[in-house]
Structures are given as structure tokens and as C-alpha cells.
Amino acid sequence: MDEKLVFLTICGMGAVTYLPRLLPMLLLSGRRLSPWIARWLSFVPATVLAALLAPGLLCRDGEFTLQLDNVFLLAAIPTFLVAWRFKSFFGTVATGMGLVALGRFFFN
Amino acid sequence: MKKLKESAHKKKPEGFWSGVYQALPIVLGYIPVGFAYGVLAQKSGLGLFNTVAMSVIVFAGSAQLIGAGLFGAAASPFTLILTTFVVNLRHLLMSAALAPKLRGWKKWQIAFFGYELTDETFALHTMRMARRTPKKSQTFAVNITAQSSWVFGSLIGYLAGGQITDVRPVGLDFALPAMFIALLVPQVVQPVYLMMAILSGGLSVALYLLGFSQSHVIIATMVAATIGVGVEQWMKNSSS
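Those protein sequence lines, which keep their order, are chains S and D.
So the first sequence is numbered by this note's numbering: it starts at 1 and just counts up by one.
So the second sequence is numbered by this note's numbering: it starts at 1001 and just counts up by one.
In silico lysine-lysine, DSS-like type, Cα no more than 25 Å apart, as pairs:
no.	chain 1	residue 1	chain 2	residue 2
1	D	Lys1106	D	Lys1136
2	D	Lys1135	S	Lys87
3	D	Lys1043	S	Lys4
It should be emphasised that the hints constitute simulated quantities derived from the structure, not laboratory data.
If we strip away everything but chain S, and leave its shape as in the complex, we get (with noise of 0.2 Å):
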């Protein structure tokens, strides 16, 4: 692809990222919600978090695994702690990273 086109495809890329962005947020942000659907809203934020992280903490290639290898895994559970202990956001992602850094630099 010649470059005009790639960036004529960013274009159509980042107007179809955008719509679902900003439609409902423009739609529905004048009007009261009926109780029913602002509950379901209340849920969206825990759980498309989780849907988020696990495959990233669970799966490798493609595959499951729960192996002790599993570096992302074993990283995870004390930067849960930290996150739920100390409430820090900064000292939570600060604290996975450093513990991932650790991990590969003595078992790699």
C-alpha cells in the first residue's frame, strides 16, 4: 500500500473507533436512564475490565496456561494486592511492571 492509501485507511480507522465512542455518550447524556439499563451500565465498568486483563494473565499464543512460567501470571497476584491494599494507582502499574522486569531477569 502506497502511503496516501494507508493513511486513508487510518482515516476510515479512526472514524470507526470513533462513532461507537462518542454516539452514546451524545445520545443518552441529556436524558434519565430507566433504572434497569443504569444498573446494567453500573456493571460495565468492573467487568469490561476483566474481560480486558484475563486473556492477557490466562492465555499465551492462543493457548491456555496456567504453567509457573507464566510470568504475567505470577506478577499478577501481588499487583493485586498492592492495588487493593494501597489504593494506589501509579504504585500498582509501577509495582507490575518492576515485578515482570524482576521476574525475567532471574528466571530467563
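Given chain S, work out where chain D should sit, using these hints.
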């Protein structure tokens, strides 16, 4: 001294700079992930301009990593756009979930806010807006800071791409999972949310392994949220 502290506390910045400060944990995650994307884009043969343009125009982590790979594999524009659409469709749910907090916003403000809605900014805004209504300048500062760091990470990743052979530098590829953990834990405010998070994670893994590797997140989220409402209702009925 005590008085001084109190007055300093009162003058705690509420506006733009407070938003920049609140976005710093996202910056810590976005620079390495953006960097990884930049390296991959360089290796896929994308030019500097288009690599950075994608971070400015699309601004979506996993979709851009998949996209760079697809460009490298010479996929058609249709495949690229369709894949991006499916991968990013989950933002529909996040946008709807934040909508009630945007009452009274002007259309152009919503248009700007929605442009920078990512998994991470969504989760952060959910927490920020849960109990109070932060200033809009602070809210926009969070988004602008997050995207700036993403664009910056992509740029340096691209420039370093020639020197790097492994796209997973030490620990940096854990930035995304670590951010998800940091954002997920504060959302689990009741046992039923913990149950549904575990259910959603399990479903997501199962769907991913079954081959739904682009729509597993949105399907798992919708199923778990629906069951969550049901379980909540059932618990209410059985306790009353």
C-alpha cells in the same frame, strides 16, 4: 505550621494541572505500550507520519497494535477498518456508562471528550466522577495528557525501532495488564461486582480460546452485566 498546611490543602489545584497529575499513572502505562506500538509499526513498514497519525486519529491501544500487524501483513483497507471496528466496539458500552455524568455538557465538549475515550481514561473518569463533578478543564486535562503520552511513546518507539529486535522490552509489555488491575480493583465495590468480574474474565478467556479473538471483550462484558443485574435482583428479592 498547621494553619499553613490547611491553607495549602484548601488551595489544592482543581483545574487543568490536577487533571495532568491524575493522568500520570496512565502516562506510566501509555509510554511503554505506545513505544511497543511504534516499534511494531516501524517493523511493519509504516512511515513515521502514518505511525504517528494513527496514534492521533485512532488512539486505541490494542486496535493499533493489531492494525500495525495487519498493515505489515499487507491486509486490505477493508479488513483493517472492519477489524478496528470490531475490536473497538466495546467503547459503545463505556460511552453509554459515562453518559449520565455528562448532563448539561455542550455538544462540542462531548464530541471532544468522546474522541479520547479509551479503556483507561474511561475507568479513571468512572472513579473521578463517581462521587463528585470535577471541573471540565480537569477532565479534559486527563484526556489530553493521556493521548499526548500515547503519541509521544509511539514516536520514540518508531525512532528506536531500527535498533530494537525484541518488541517486548523488560517488563514494559506488562504495562497494560498492570493498568487493568489498577483500574479494576477500585471498581469492585460489592461482592456481586467481584462475582461478575470473575465471570466476565472467565467468559472472555473462553471466547478468546474459541476463536472470538476480536469480539471476546464486548460479548463477555454484555453477558456478565446482564447476569449481574439478574443476580442483584434475585439477591434483593430473597433478602426482602
